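S.K.: If you read the protein sequences in the order shown, they are chains A and B.
Under numbering that gives the first Met the number 0, think of the first position of the first sequence as 0, with each following residue one higher.
Under numbering that gives the first Met the number 0, think of the first position of the second sequence as 0, with each following residue one higher.
Check each hint, because a few of them may be wrong.
[Said to hold, decoys possible] One side only, chain B facing chain A, incomplete, derived with CB under 7 Å:
#	residue
1	D2
2	F3
3	Y5
4	L34
5	D49
6	D99
7	P100
8	L101
[Unchecked claim] Partial list, computed: chain A residues near chain B (C-beta under 8 Å):
#	residue
9	S11
10	V12
11	G14
12	G45
13	D52
14	G53
15	V54
16	I56
17	K57
18	T60
19	A65
20	S108
21	M112
22	V125
23	E128
24	E130
[To be verified] Some chain A residues well away from chain B (every beta-carbon gap over 12 Å; in silico):
#	residue
25	C47
26	G55
27	G99
28	K116
These aren't lab readings, by the way, just hints derived from the structure by calculation.
None of these values were measured; they are calculated from a predicted model.
For glycine and all other residues, C-beta sits at the position ideal for the given N, C-alpha and C.
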Amino acid sequence: MPQVTMQVNGRSVSGEVEARTLLVQFLREHLELTGTHVGCDTTQCGCCTVHVDGVGIKSCTMLALACEGANITTIEGLAKGDVLHPMQSAFSEHHGLQCGFCTPGMIMSAIDMVNRKGHALDETTVRKELEGNICRCTGYHNIVKAVQAGAAAMKGA
Amino acid sequence: MYDFSYHRPTSLQDAVSLLAKQPDAKPMSGGMSLLPSMKLRLSKWTDVVDLAAIPDLSGIREEAGHIIIGARTRHVEVATSALLHAKLPALAELAEGIGDPLVRNRGTIGGSIANADPAADYPSSVVALDATIITTRREIAADAFFTGLFETALAHDELITAVRYKIPKRAAYMKFRHPASRYAIVGAFVAQMEGAVRVAITGAGPHVFRIAAYEDALTKTFSSAALDGVTPKLPSLNTDLHASADYRAHAVVEMVRRAVKAAAARKSI
Ligand SMILES: Cc1cc2nc3c(=O)[nH]c(=O)nc-3n(C[C@H](O)[C@H](O)[C@H](O)COP(=O)(O)OP(=O)(O)OC[C@H]3O[C@@H](n4cnc5c(N)ncnc54)[C@H](O)[C@@H]3O)c2cc1C
Ligand code: FES
Ligand code: FES
Chain A
0 MPQVTMQVNG RSVSGEVEAR TLLVQFLREH LELTGTHVGC DTTQCGCCTV
50 HVDGVGIKSC TMLALACEGA NITTIEGLAK GDVLHPMQSA FSEHHGLQCG
100 FCTPGMIMSA IDMVNRKGHA LDETTVRKEL EGNICRCTGY HNIVKAVQAG
150 AAAMKGA
Chain B
0 MYDFSYHRPT SLQDAVSLLA KQPDAKPMSG GMSLLPSMKL RLSKWTDVVD
50 LAAIPDLSGI REEAGHIIIG ARTRHVEVAT SALLHAKLPA LAELAEGIGD
100 PLVRNRGTIG GSIANADPAA DYPSSVVALD ATIITTRREI AADAFFTGLF
150 ETALAHDELI TAVRYKIPKR AAYMKFRHPA SRYAIVGAFV AQMEGAVRVA
200 ITGAGPHVFR IAAYEDALTK TFSSAALDGV TPKLPSLNTD LHASADYRAH
250 AVVEMVRRAV KAAAARKSI
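Chain A on its own, in the form it takes in the complex (with noise of 0.2 Å):
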């Protein structure tokens, strides 16, 4: 079976693989890092989202064997010791959750967000680059109000 290499939260990991394994297969069943969730396996929910090089893709629809070399991020590689990333700590104080599964996701697809558009962040930006994060519980007003305190707090961080 052919072999991969890549950095997972700053840690080196190989493993043999099937050419059909996806990187969300190998973060969960291979190194057993189940933060990241998978939704739908449709490309669709984003609960799967992960940065490969600090860019935000859903991993659901990435295959493990295209990541050799790469750098891979996932929720597990957030926090610092018993800090919480402040993306991690604005879902907690402003309830951006209620059972959690699409949280990860959500979380990493906010930073990406970011990334991309800043730290100020209006409610209108904050919605419309979420479209590929679904939440079946929220409703998603908390979310948004996260993701905005999380932007604002990333900036001093």
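Here the structure of chain A is known, so what remains is to put chain B with the ligands in place on it, guided by the hints.
M.R.: Structure of chain B with the ligands alone, referenced to chain A:
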């Protein structure tokens, strides 16, 4: 998804020869259409040839009055290109409306054009702007490129390397998008070119098509009023779970009208 052999060639020549060797080999660019179709087992390939490691396939530049966009240029790069916002804002806006930000971070212009999805956005820009598809073998004119539902003039072992767009005086793209998938139920790209106006419609038929009656009327007078009383001759339109053919016919008229208004409001280049 059925298993396959994965290849990551580092030159176009190697990619083409891998494809030529295997009748069921398929190139992959952003994978945003190919992988979903393989996962649903709508398609099955023995070999996937990833184009990601081939140098010089992405980037946007102006050359001799044209805009040239590399096949691997991602939707996000087109949407945010300062050059396009200055010279061809309609194309940047089209790219900004594709799917969602995470899809735009991976999906590429070459993949979208090669895929020739009847509801995809880019094909309308290719035809309306009278673009040229540059491949590993030849140059293909826009009007000869899209040949049917998911069908193009490309050979099995032929790769798109770039798209060369003419710069219009003014242009605009308007889409009536499906609220969940954001694909075009109907999209209209209207471009006022040197000497003539071109109108290309996506989403409505099996592949992108032009509307001669509208083009003639708009070439005479470039305003939405010029469309009044003109009855377009439309090809047979799609009926599916999203919209009937009649509904699409109505949406075509309305989207063209909106695109003309938006283009006419622009400063002429
Ligand atoms: C959730 C979602 C929403 C979407 N919404 C929209 C939308 O609103 N509008 C829209 O237009 N599209 C939409 N798309 C499709 C998206 O734009 C894809 O990125 C695009 O259709 C394919 O580009 P790709 O680079 O991902 O190509 P791939 O998926 O890698 O390839 C697509 C096809 O093109 C072939 N191919 C790729 N590159 C080349 C090349 N250089 N030469 C020859 N053949 C090649 C492949 O073999 C394959 O057949 C959506 C996709 C998803 C998942
Ligand atoms: S699981 Fe990847 S987008 Fe839904
Ligand atoms: S919190 Fe339950 S899906 Fe978003």
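S.K.: Just pull the numbers of the violated hints for me, sorted ascending.
M.R.: Hint check: 9, 10, 11, 13, 14, 22, 25, 26 and 28 fail, others pass.
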